[in-house]
Structures are given as structure tokens and as C-alpha cells.
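**Q** Here's the letter readout for the chains.
There are 2 protein chains.
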Amino acid sequence: MRIALIAAATLSLAACASTPTPGDSIAPRTMSDIIAASDASEWRALDLESTLVMTLAGGRTVVIELNPVFAPKTTANILAMARENYFDGLAILRVQDNFVTQWGDPNGETDQPKSLGSASAKIPAEFSRDRAVAPFVRLPDRDGFAPEVGFVGGFPVARNRDAAWLAHCYGMVGAGRNNDPDSGPGSELYVVIGHAPRQLDRNITLVGRVVQGMEHLSSLPRGTGPLGFYEQPAQRTAIESVRIAAALPEGGAAGKLEALRTTSASFIAIVEARRNRRDDWYKTPAGHIDLCNVPLPVRVKS
Amino acid sequence: MRIALIAAATLSLAACASTPTPGDSIAPRTMSDIIAASDASEWRALDLESTLVMTLAGGRTVVIELNPVFAPKTTANILAMARENYFDGLAILRVQDNFVTQWGDPNGETDQPKSLGSASAKIPAEFSRDRAVAPFVRLPDRDGFAPEVGFVGGFPVARNRDAAWLAHCYGMVGAGRNNDPDSGPGSELYVVIGHAPRQLDRNITLVGRVVQGMEHLSSLPRGTGPLGFYEQPAQRTAIESVRIAAALPEGGAAGKLEALRTTSASFIAIVEARRNRRDDWYKTPAGHIDLCNVPLPVRVKS
Chain E
1197 MRIALIAAAT LSLAACASTP TPGDSIAPRT MSDIIAASDA SEWRALDLES TLVMTLAGGR
1257 TVVIELNPVF APKTTANILA MARENYFDGL AILRVQDNFV TQWGDPNGET DQPKSLGSAS
1317 AKIPAEFSRD RAVAPFVRLP DRDGFAPEVG FVGGFPVARN RDAAWLAHCY GMVGAGRNND
1377 PDSGPGSELY VVIGHAPRQL DRNITLVGRV VQGMEHLSSL PRGTGPLGFY EQPAQRTAIE
1437 SVRIAAALPE GGAAGKLEAL RTTSASFIAI VEARRNRRDD WYKTPAGHID LCNVPLPVRV
1497 KS
Chain A
1197 MRIALIAAAT LSLAACASTP TPGDSIAPRT MSDIIAASDA SEWRALDLES TLVMTLAGGR
1257 TVVIELNPVF APKTTANILA MARENYFDGL AILRVQDNFV TQWGDPNGET DQPKSLGSAS
1317 AKIPAEFSRD RAVAPFVRLP DRDGFAPEVG FVGGFPVARN RDAAWLAHCY GMVGAGRNND
1377 PDSGPGSELY VVIGHAPRQL DRNITLVGRV VQGMEHLSSL PRGTGPLGFY EQPAQRTAIE
1437 SVRIAAALPE GGAAGKLEAL RTTSASFIAI VEARRNRRDD WYKTPAGHID LCNVPLPVRV
1497 KS
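Note that the protein sequences, when read in sequence, are chains E and A.
Per the numbering used here, the very first residue in the first sequence carries number 1197; after that it's consecutive.
Per the numbering used here, the very first residue in the second sequence carries number 1197; after that it's consecutive.
With the rest of the complex left out, here is chain E (with noise of 0.2 Å):
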């Protein structure tokens, strides 16, 4: 039983293929019976046109789902990278413990970088944007990086009195740069692998994140180099290709999925379900969720 009970702690989507924990005779309400209760308009399709397909060597997949209405420049930038197969043929480069999963051109530093295309080189920081995006769904639970957090489209959002930003939790992409604010076209991308790294909210450019596939990026052998990066090239994982799910048969991995609404009845519900555990094995709930604990639940389409 100890192995079972643990597991009914967890965090994890996996929880949705758990079996309730056993209750008393009015059962608690877990994050699986909140899904299997919840109405099919409470879930959305993805947007094909802006969630691209990253296939790595042996055949992972990754599908990341790209956020337009925070970086609808770099999304851009990178949509047309995709567009263009910018990316088959690149790497990952670095893998540093509880902290970021980062790809982009092995000869990237060097005086032979390969060729952008038609993409640009250059695009204007998007680090935050005014705070009149909506829906915000807002959580009442303090936050010690920014005065309110809640959910936007399904990605994790941090605002104060004039802007709204993306949240750098697990799974969230970005797009790295160099010193200069405006040198992140979105060429070189990383995610967020440990424990969120909040301190680079508003200082890098989010650009989305990854809604299936997110093992095959979590789990890969770190880089013994200085701050995770491979010291050989046989080392890195090849990315066999990235595309932009809109241009695959039926969307492709990406086709299949649908994600929970972030302003749906049920996602309200699985939030104080998390927040305050009610089965037998939790003595005391925490009566508090941290923006980066919150799911994000993507399923298959039935």
C-alpha cells in the first residue's frame, strides 16, 4: 500500500490515470474524478497554426504549444524558422540540472551559423505586455514574485498594476539571448526543467509551452561541461525535425490533444482540489497552490 499512497500525492497529470484514493463514504473530488465529471466543451482543441510538432532522434515527440498573444513576434519569428525547417537537422545543446533543457545550432557560436532564412535575426524583446489581456483567471493565492497570478489561455501568468507577463514554470519555453534585450529571435529555445526559475520573468522572452512529450526533455543525461552543456557532440540529442503541427496530416501528435480551459468550472475545481487535499492520505491540507503547482491538464480526444 506504501507505494500506492504515495503516488495518490502526486502533482502529475499521471494522476488523471490513478485510481481515486479510497475515502469515506462521500468521496473527496480528486483531480481524475474532476476530469472524468468535466463537460467536452470545458476542453479545447490546440491551435494548429501556432503549436509546432518537435521530433527528436529515435522518434520522441514534442508538441509545444506557442503563445502569440505574449510574443506574437518571436512566435512569428519562429513559426517561419519552422516553416522553412529551420530547425531538422539542430540539436540539443544543454541540459543543466533543475534548471533549463536548450537547442539550437551546435555551430551557432560559430563564424558559420546556419542560415535564419527568411526569419529575422533580430526581434523586439516581448518580456511583458499591458495587463489588459483577458480572460484573467486569478488565483487568490500570494505569489512572491508579482502582486497577482492566474492563468491566461491555459499558460501560467504573473501581473502587476500596468503589465502581464508568462511565468517561467516546469515546461514553459523561451527563447535565449544574448546581453542584449532584442537578441532572442527565437532560434535557440530552452524549457524549464526544475524548479521554476522565476527570477527570469520579464527578463527573457517566453514564447510557450510544451503540452506532450515534456519526458523526453526532462529526462535526457545532463552535460557535464560548465552549466550543462555537452562537452562532446555525440553527446547531443539530434532534432530530427520541428514542424508546425498545421502542416502535418490531421495536426499530427498535436491533432489529438485537447486542453483543459483555463476558465472552465472543472479547472476552478481541480485548483482547490490541489490546494486543500481532502483524501485520507493528506493530514493537513495546505489551504495554498503556488502558480507553478497548478496543472495544466491536456488529454487525447476521445
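Don't read these hints as lab results, they were simulated from the structure.
Among the clues, some could well be false.
It does not matter which identical chain is used: a pair holds within one copy or between any two.
[To be verified] Below, in silico cross-link-like pairs of lysine-lysine (DSS-like), each with a Cα-Cα straight-line distance of 25 Å or less:
{"#": "1", "residue 1": "LYS1269", "residue 2": "LYS1479"}
{"#": "2", "residue 1": "LYS1310", "residue 2": "LYS1497"}
{"#": "3", "residue 1": "LYS1318", "residue 2": "LYS1479"}
{"#": "4", "residue 1": "LYS1269", "residue 2": "LYS1497"}
{"#": "5", "residue 1": "LYS1452", "residue 2": "LYS1269"}
{"#": "6", "residue 1": "LYS1497", "residue 2": "LYS1318"}
{"#": "7", "residue 1": "LYS1318", "residue 2": "LYS1269"}
{"#": "8", "residue 1": "LYS1452", "residue 2": "LYS1318"}
{"#": "9", "residue 1": "LYS1479", "residue 2": "LYS1497"}
{"#": "10", "residue 1": "LYS1269", "residue 2": "LYS1310"}
With the hints as your guide, set chain A onto chain E.
**A** The following block gives chain A in isolation, referenced to the frame of chain E:
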């Protein structure tokens, strides 16, 4: 330059190996600068009598510092098991993305589990202790889960008016249990490999933290069964041995390590350097740090 400089944003100890970010004439102090300037007296050796050296298949070594101050009974029970080679030949049973890696007896759920020897099968829960644990180095930064957070003896700790408890940060190790609070004897352990699942605080006994070799536990293939359990025994990583460091020549891998005292001036300086990044790369210092984003430096003795 892009790669090198997003690298400069790292939270990881790998930063110790990085060259300082090019700054202005008055260079900002980075974690590596502070560590380089630290005094030998600011570092402590690990207590080899309460430190475990776990060797995984292939010779991968993981060093775990136990915490008798917060979990005296569970720690003593785990040390008894290690002394009698209980863990030798067991395996990693579960790796759930963004949650935990868990190890123990593959036959633990059968009617023929491995004998715990002189160790107890039932240990009283050690979810928290009285708040009078000293020295408590408090963070001024607010926390959503507790009124006060800080550090005691190199571990992340949360407190309220009455109690103090270890926090579920990345790399923290706990003892799995079933619904009975007293059912976690330490024969099955887990380590946090994702965003801090702080809702587990005060619900399960934390016993220590990984101080070296974390990447060997965080980069394992995720289990494909429900909740991240491996579906095939062949997918499990075998545990060759778990030894008390003091029983190894010169303490084995643990004997070479020293940890920065969380009461030291250098540690406080590192926290502030991370709370407000001053290098050229950062445009908007966070002005806040999360308990679980504070690095707890460990280095090989020079």
C-alpha cells in the same frame, strides 16, 4: 554569446564553474565570486555518521545527507537498514516527471517483502517538530505555504507559531508511507525531481537531501505506468549498495565534500546575489527569492 549568457542566468551549482559575467567597472558579485572569496571556516564537513552513499548500477554515486534534528527516529531506522545492507539489491521503482524518483523493495507489495532486519517496520511520524530549533536563519522573503521560511543546518525549513518542518524542495529526500502516518519506516525513499511539491510538507517525513549525484536520480527514464511506476522489472535501475559514509574508507564520496554553512556571511551574500541579480544580463531583478530557489552550495574539499 547567446548560449553563454543565458547560461549566466543559472540557479545551479554549475554556476560555480562559470566565468563571471562581463560587467561594468564595478563587477557584481555572483555566487561563484562569493564562493571564491569565502573563508574556509564558512564550510563544514558532512557528518559521515548520518550520511549515506548510494551506488546505482554502473557505479553512479549519490550522496544523501540525513537529518537527525528533524527526523531522529526515521533517520536512525534508515541507518540501521544501511548498516545491515538492507538496500543492497533493491531498485528504483518509480520516476514520475516533475514529481519524484522513488526506490525500495520491488517485492515490498507482495507477501514476501525483504526483511527489515533489526530495523522497525513502524516508526512514529516526524512531519514537524517544535519551532525552537536553532539557529534558524530566516529569509525575509514571503512564502505562500508558511509564515516563516529559512534554513537550519543547511536544510530548507518552514515554521509557524508552534512548529518547524523541513520543506519539500528539489533534491529533498523523504520516507514513503501509506494512509497511516506512522507507516513510513524509511525502507522506501523518494527524492523531489520537479517543482517543489510543498503540499507534501507536514504530511510525510522528510529525512534528508541529496548533496551529490542528484542528476543520477533526476535524469532517469520516466516510468510509463500509472504514477510513473516502471511497467517492466527490466526498466528499473538496480541499487548496488547503500552504505553509511563513516563505514567507507575516508567516508567514500561523502568524505571529500563540504557544505557552505547556512549561518555564514557568504551564504547570506549568495542569497542576496540571487534575490537581486546585478549582472548585465538581468534587466529586472526579481527582488524576491523562493525558499526552494536558494542554492545550498556543496563542493569538493580543496
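**Q** Take the hints in turn and mark each one as holding or not.
**A** The hints, checked one at a time:
1. LYS1269 - LYS1479: Close across copies (20 Å), not inside one copy (48 Å); limit 25 Å.
2. LYS1310 - LYS1497: Neither way: LYS1310 and LYS1497 sit 38 Å apart in one copy and 43 Å across, limit 25 Å.
3. LYS1318 - LYS1479: Classified as between; 18 Å across copies, 53 Å inside a copy.
4. LYS1269 - LYS1497: This pair counts as neither: shortest intra-copy Cα distance 30 Å, inter-copy 48 Å.
5. LYS1452 - LYS1269: neither (27 Å within a copy, 50 Å between copies)
6. LYS1497 - LYS1318: neither (38 Å within a copy, 45 Å between copies)
7. LYS1318 - LYS1269: The answer is within: 10 Å in one copy meets 25 Å, while 59 Å across copies does not.
8. LYS1452 - LYS1318: neither (34 Å within a copy, 47 Å between copies)
9. LYS1479 - LYS1497: Neither: 35 Å inside a copy, 42 Å across copies.
10. LYS1269 - LYS1310: Classified as within; 21 Å inside a copy, 59 Å across copies.
Consistency with the previously given hints fails for numbers 2, 4, 5, 6, 8 and 9, ordered from lowest to highest.
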